[in-house]
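Undergrad: Hey, can you piece these two chains together into the complex? The hints should help.
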Amino acid sequence: MYTKQFSIFIIAIISTLLLAIILEEWKLYLVVIILISELFFSMINIPENIDISANIEINGERFYINDEAAIKVLVHNKGDTVFAKILLNIPSNVLAKDPHGLITILKRNELRKFDIRIKFIERGKYEIGPVNIIVQDILGTIIKVISIPIIKKVTVFPLIRSYGILDLEARRTGPWPGSIISKRLGTSMEFHALKDYITGDDVRKINWKASARFRRLISNEYESENVTDSIIVIDANNLTSKTEYEKRTLEACVSGAAALSYELLAQGNRVGLICLGGMRNWIKPGFGKRQLLKILYMLAEVKPGKELPADQVLLLLTPYMIKSGSKIFFISPLMDESIIGAVEDLIREGYSVIVIFALCDSSDLSIEILNLQRNIIKHNLLQISNVVTWDCETNIIKALMMNTKLSRRRYHVQH
Amino acid sequence: MYSTSKLKILLFILLLIQIIFWIDNISLMLSIFTTQALLILTINKKYFYTIMLILSFSVLIYATLNIETSILSILRITSSYIVYTLIIIMINLLKEEKQYWIDLSKLIPKIFFTIGIIILFSVSIILLSASTLSIQPSYIDTIILIILIAIILALLASQT
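Chains as they are written, first to last, in the working numbering: chain A, 279 to 693; chain B, 931 to 1090.
So here's chain B without its partners, still in its complex pose (with noise of 0.2 Å):
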């Protein structure tokens, strides 16, 4: 059994993590991203789910809006999925944080399979839409394609 503070660890790293990706977009994004973690900070509010997931869905539709054939752009897409994908996680494991045990050792794998499979997804459909609609992907992120593809491989792996 562990603590649930690992979790919301991992979701503020995440969250520092994509503020490396809007470096050039800075002003806006810093000031959800630090709504988002001084929420994480100021934990178990009444509304803290639900405004974490308002503001990880409108990053998630600012960066998809704002599609590039760049490696930060599919970086900024594929975080924003992520961070996404992690708060439905949370709220779907902490919500009733104080009635249960969570046994993280064991969710930890599935999370990350899940996590990869969002990479899987996300990636390959924005750079398939992106050749289809004449935006022409550079070698490099068909590279980084191929690597996550690799590394959803391995998850799938570690999972049988």
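Chain A with its partners taken away, still in its complex shape (with noise of 0.2 Å):
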């Protein structure tokens, strides 16, 4: 393949033989035949046996959003010594530190390594590669690529940011101990109600005072602590990634839902999601960390759009996933109003429905207006359940704590 070199080359040759006819001048001839011969050194300098393979190393698949990669590049060359371009694929939205090419001559045998930093500075997956090796004489004259196709795939987590104790009822609970208060009688440290000692009842739990008051044994009952099982609805529907305020509308939202399932899972509960928008797709409600792994995989590859409205896919999806009376987390920028269809089907069917209100400050008019519009949903959905009107740049967590209707005690801020 020639290239913009040969192309500077060929122009030279030209206007100066041109000049030389003009001018009627013998001496140009000289320059004439010297470029001739310079552009045909170069062009038989490319080695005809061009033998080379590469490997990538990457020191992790998973990471974080800020989070830095080290890539190491391994080209081995088993055919002639070649002097060769060397230059890694990496995606445009990914922050290159270091060049993540080389320019070099790779002897017979060779085996040469590089190291290339990149950080992360979007959620999503990524394919690393392939490497691409451009052989070409020193003048840049001709070159050959070769595209070696070895590939890295590597994911990208929101960012979570979970600062907070989430303590919130439920109505249903599942027969596991957890952290959410239930009907029943446990264990708990929550106390219940008084009881007459029968025999085989703790003796830790008698109540001396009121067993004095009463004249005869008494003994506390407490409430039993079990988990919940929940579903994390993320709306997307009615976004685009064209300006910036929704981009960091979605990008909010993401991060909330990945604190928000953290939590809940760091407190034994089943956690399950559903992904509105451009990318729709959910998870069965399941527990532990190979449940946030899963939560956090779907949450990389959340994107804006509208295929279906919320109302159909939920009402569809969740008496599926969870059963009547579980919790569901329908955190929303509150774009679609579709949202208010799908809340009131799902208290229907006996769910307890909190709607997130993701809100980012702007001082553009635009969205103040976009905003009136939105507050009209909020207005709506407020009449048949929990709204809480959460401040993208702050906790989740305390936003939801901070609503005294869902607190079960006074929230308290982990440093």
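Hints are computed from structural coordinates only; laboratory data are not their basis. Hints are supplied without guarantee of correctness; some may be wrong.
Stated by the list, open to error - Footprint (simulated), chain B over chain A, 3 or more residues, beta carbon under 8 Å:
#1 283-297
#2 346-354
#3 361-367
#4 413-425
Heads up, the beta-carbon is just placed ideally off N, CA and C, and yes, glycines get one too.
TA: Okay, here's the thing in structure tokens:
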């Protein structure tokens, strides 16, 4: 393949030749001869036997936003000595801390490696590679491009900002011990009632003051703390990635969903996820770290857009995922009116719905007008369910706990 | 890995050397070389390489048109070719400077080898044509040619 430098040579040769003819100056023919010689010398300098292999090593497959990854590119030349430009393809939305290519001379059987550091500034699934090797002469007049199809896949998770204790009540709890107060009697620290002491009761539960008052043994009854099932719905319907405000809002929703699922799973609850928007997907509720990982993988892929209205998706999915009475956290920027119908349907089905209205700051007039429409949706939602307005810059857990309707105890911030 | 600024320093030195060769006709050439030197200092401007290339090619044409059978004339033409070629090499190496590490320790012998070949071509063709067209080269020119060929042979030997 001919390059820009080849064109420069050809232009120089032709223009000198024309100048020599016009000026009838024999000396200029010398320049033409030398330029042609240079070009010829350069062109015969490309080796015939090119056999180069490459490999990529990355220090992980999973990263969070603002994490740095160290990439090692290994190149092995099994053919003739070549002058080569080795370039690792990296996605455009990744910040390269170092140059991601190398210009060098690779001798026969030489193994060469170089390191690259990249920083992930956006969540998502990334493909690092392939490695392109451009074999050329020193003047760069002719090149041969070899693409080595080696690709490493990396997932970048949203940031989890969780600085609080999520302390909620739930209508429906599971049989396993957790941190949600249930109607059943159990062994938590929350006092429920007094009862007559019967043989076999724990002696430590005897209420001595009450026993003295009633002149018989009275013991305390405590509430049980169990786990609950919940679903987090992330609503990217009617959002686009055209404006900075919408991008910021979507990222806040995703980050909030990550923090909420982390907190709920840390308390031992079963958590599921439904994504609405450009990438419609869902995960059935589950426990533990593996579930958190599944959720984070899905959150990494959330895209704005609208494929189906929220009410249609939720009415179809939720009965299949969790039982009536379970909690549904609906994180939404309230851009889509179909959310009202969706929440109405879910409440009718017996679910406990909390709408988290993600509101990012903006002094833009168009956003202020948009906020008026969003406040109308919020007003309609307030009549049927709990709506928590969450400032995107703050902690979602704190926003939930500041809402006295939802909080069982006073919110306590952990530093 | 080395900084590409070393290559730019090399070009800068070559421009300074060129000025010495044009000492008897300094006024025009000084302005050209000063422009080129300033361009090197304010590197990475949009049209840096294009302007450098046009200027160096103009110097090359001018030197060839004023060919004489003196050492100075041969040095002028040879240095013009070297600068012109070096700029093309720099375009090749530095046009995507931010994307690549440049392994200059390995590249510099290759660059010198290329420049050596250019010297061989340019000087021999000039002397050959000068003798053909009855411009008698002096003995000293022939000695320079022999020295240059020796350097090139040494470079070739270092390559192998």
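Undergrad: Against each hint, give a clear statement of whether it holds in the structure.
TA: Going through the hints against the structure:
Residues of the stretch 283-297 of chain A lying with their CB closer than 8 Å to a CB of chain B number 6, which satisfies the three-residue condition for coverage. Against chain B, the stretch 346-354 of chain A contributes 0 residues with a C-beta closer than 8 Å to a partner C-beta. That does not satisfy the three-residue criterion, and the hint is violated. With 3 residues bearing a CB less than 8 Å from a CB of chain B, the stretch 361-367 of chain A meets the requirement of three and the coverage assertion stands. Residue count for the stretch 413-425 of chain A with a Cβ under 8 Å from a Cβ of chain B: 4. That meets the three needed, and the coverage hint holds.
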